[in-house]
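Student: The chain contents come next:
Number of protein chains: 2
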Amino acid sequence: MEVENRYVAVRHHVEGSPSEEDFEVKAATVRWTPGSGEVLVRNLYVSVDPYQLNRMKRHSASHHSVEVIVPGERISAYGAGKVVASACAEYKEGDVVVGVLAWEDYTMFRASPTTLIGKVDDASSGFPLSYHIGVLGTSGMTAYGGFYEVCKPQRGEKVFLSAASGSVGSLVGQFAKLAGTQAKVDLLKDKLGFDDAFNYKEEPDLKAALKKRFPDGIDIYFENVGGEMLEAVLANMNAYGRVAVCGAIAEYAGQGRRAAPDLLEVIYKRITLRGFFAFDFLTKFQEYVETIGGLITEGKIQVVEDISDGLDSVPSAFIALFRGENVGKKLVKLA
Amino acid sequence: MEVENRYVAVRHHVEGSPSEEDFEVKAATVRWTPGSGEVLVRNLYVSVDPYQLNRMKRHSASHHSVEVIVPGERISAYGAGKVVASACAEYKEGDVVVGVLAWEDYTMFRASPTTLIGKVDDASSGFPLSYHIGVLGTSGMTAYGGFYEVCKPQRGEKVFLSAASGSVGSLVGQFAKLAGTQAKVDLLKDKLGFDDAFNYKEEPDLKAALKKRFPDGIDIYFENVGGEMLEAVLANMNAYGRVAVCGAIAEYAGQGRRAAPDLLEVIYKRITLRGFFAFDFLTKFQEYVETIGGLITEGKIQVVEDISDGLDSVPSAFIALFRGENVGKKLVKLA
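Chains as they are written, first to last, in the working numbering: chain W, -16 to 318; chain U, -16 to 318.
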C-alpha cells in the first residue's frame, strides 16, 4: 500500500520568533507492506505546542534531552488518527489511536515497548476525539501532574498561573478554581470560574499588579511564561511557596529577557522551583482520564479548544501561539 | 550592675561591597538589675557571616523576612558567651550560652519561648567553645540539613559545591566526601578529602570547567555563589538533579550579575531548586550535634576555623568574606 504523505518541515533552524517563511509543506510517498510489522495511521488531529519551538533551535542534540527537529524532516507531535493498515497484532484497521504522531497526513510506526501511541479505549471514547489530545492528553496530564503532584496544593492556598488561557493553564485554573487579551480575561473569570484574571501584557508593573490581587501573597505558581513574570511572582510569594516550572513561553522566542530570579527570595522564603514534564506522570494517566472525564461529563470542567483546519494551517497555528492569539488548546484538524 | 558595652554598627546602609569606612565601633552603658528578668552575657566569640550583608541593605523591612540592620544600632549575630548576671531562673552566673547574640562585648536578653539562646550542655562540652558557633552551630546545621534533608543524596550521585572552603561548604564536601585560592584547593583535596577542587575565579569558562570534572554530570549542587556558577551547573546537571539554594555570595555585594538560569534546563531535566535556612532543621539539631560530634572525635570530620582577635577586627573579618580571603568558619574572639 502506498500513500502520498504531506508533512510540515522547517526550512532551517528557528532561533527567534517563528514566521510563515520558516516552514514548508513537503510530500513523500509512504510505502506500507504486509509483514513489515508496521502500522500506518491516517492522522485526524495534531497538536500545536509552544515547546516545539525549542526543538527547532540550533543547539546541540544533547542539550535538553529532547529530540531536535531537523530542517526538512518530519516533526513529531502529539495527535490522534485512525489505523488504515496494520502488520502488527496489537493494532487493526479502524482502530483509533492517540500519541506521538507528527505534523503530517500519515504516520507509519512500528510498535515497541517505548511507543507512545495507544488505542482510545471504550471507557473514554464517548468524548470528541480532539479531547484525547488536549484535556485528556498531554495538556491535561501536564496540568494534573503539575498541579497535584508538583504543587501539592493545600486547602486555602493562593494559586497564580501565567498563560492561564492556554491549553494547560485553562485547566490548572479550573483545578484550583481560581490569568493576555481582555477576551481571555473575561473567559477565565466568567466561563471558567477563576477568581480574578489580568492581561499581563498591559501591566506596566507586574509586581504591583500581583500585590494588588494577592494581598496575602501567592503560595503556588504554575509557571508558563518565564522572564519578568517569574521575578514578580517570587517577590510576592509566601514562605514555603512552590513554583511548578511547566514552560517559559516569553523566553522561547527570545522576545523577552531571561528570568533572573532573586535567589534571596528563594532562600529566605524557602521557595521550591521544580521542572516537570507530562510524561513523568504516565503511571497516573488512567486515574487522570477517569477523574477528569467524569468532571467533564458533569459539566464541572469546561473544555476550551481552538481548532484550525488542514495541514497547511499548521505553521500559522503554531505562530499564533507566540502572539498570544490562541485561547485554550490549539489543534489542527487534518481530515 | 553596669557595664560599658562596645558594639559594632554600620554608619549607613551598605549596598555594594563593604569597606572599613562603612563601620564604626560605638559604646553604651548597659544596666542590669536584679528582678528585671534579664540575663547579661559576656560574649566570647561572634560569628561573621556573608548573609549579614543582605541585612545591611536599604530594602523594605518586609522584603526578606529577616531583621534589617539599622545604621548606628547593634547587629545581631550568632555567638557564644558566659552569663555574668542573671535575673532569670533558667540561667545562672557562669553558664556558657550559644545562640543569637550580637557584634558586641555584652549582650543582655530576656528569656522567651522564641529566644534562640541555649546553654551548652554537658554531652557536647568537650569541644572547643568556637565549635559551637561553627561546626556544631548554624554553619553545621546548614550543611547537614541542606545536604541530607534538601538534597537527599543517593549512593553514587555526583555532588558539586561552590564556596566549598567556607564554613558550610567545607562541611558539605566532607559529608559528601567529595571546591577561591590554590591554597584552598589544596586544603580541600589534601586535608578534607574532596575528590577534586578548582578555583572558579580563575576559570574563564565555568561550563567547560564543570564538564571536564563531571563527565557524567552533576546530580546535586549545593549553591553558595549564584550568578554564572548556577547557570553553568544547570547546564551540566543530570535529570532529576537537585539544587540546595543556601547562599549567593557573588550576588550579595552586587559584584556579579544575577543568575539567569535557563528554565528549559529546569524543565527538561526535571530539576528542583529549593531555598532553605538552618533554622528549618531545629528539630534535628540534637541528632546533628550527636552525629557530627562523634565524627569529629573520631577524626572523620576536619574542622577548619579562621579566628580574628578582638571586637575591632569584626569589620575587617566581615569584609574579608567578600574577598574570598577566609578559609573555613570565620569567627571573632572577643575575650
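Honestly, the hints are just simulated from the structure, not real lab data.
Careful, some of the hints might be misleading.
Which copy? The list can't say, so a pair holds if one copy fits it or any two copies do.
[Stated by the list, open to error] Think about it this way: if two alpha-carbon atoms lie no more than 25 Å apart in a straight line, the pair counts; the simulated BS3-like pairs of lysine-lysine are:
| hint | residue 1 | residue 2 |
| --- | --- | --- |
| 1 | 316 | 75 |
| 2 | 194 | 283 |
| 3 | 316 | 9 |
| 4 | 190 | 40 |
| 5 | 267 | 184 |
| 6 | 102 | 65 |
| 7 | 194 | 40 |
| 8 | 190 | 102 |
| 9 | 75 | 9 |
| 10 | 316 | 102 |
| 11 | 75 | 194 |
| 12 | 65 | 316 |
| 13 | 75 | 283 |
| 14 | 9 | 65 |
Given the structure is predicted, the values throughout are model-derived calculations rather than measurements.
Student: Decide, hint by hint, whether the structure agrees.
Tutor: Evaluated hints:
no. : hint      : result
1   : 316 x 75  : within (23 Å within a copy, 81 Å between copies)
2   : 194 x 283 : neither (30 Å within a copy, 50 Å between copies)
3   : 316 x 9   : within (18 Å within a copy, 76 Å between copies)
4   : 190 x 40  : between (31 Å within a copy, 20 Å between copies)
5   : 267 x 184 : neither (35 Å within a copy, 46 Å between copies)
6   : 102 x 65  : within (9 Å within a copy, 74 Å between copies)
7   : 194 x 40  : between (36 Å within a copy, 22 Å between copies)
8   : 190 x 102 : neither (46 Å within a copy, 44 Å between copies)
9   : 75 x 9    : neither (28 Å within a copy, 87 Å between copies)
10  : 316 x 102 : within (19 Å within a copy, 72 Å between copies)
11  : 75 x 194  : neither (56 Å within a copy, 48 Å between copies)
12  : 65 x 316  : within (13 Å within a copy, 78 Å between copies)
13  : 75 x 283  : neither (35 Å within a copy, 65 Å between copies)
14  : 9 x 65    : within (22 Å within a copy, 82 Å between copies)
In summary, the numbered hints that this structure violates are 2, 5, 8, 9, 11 and 13.
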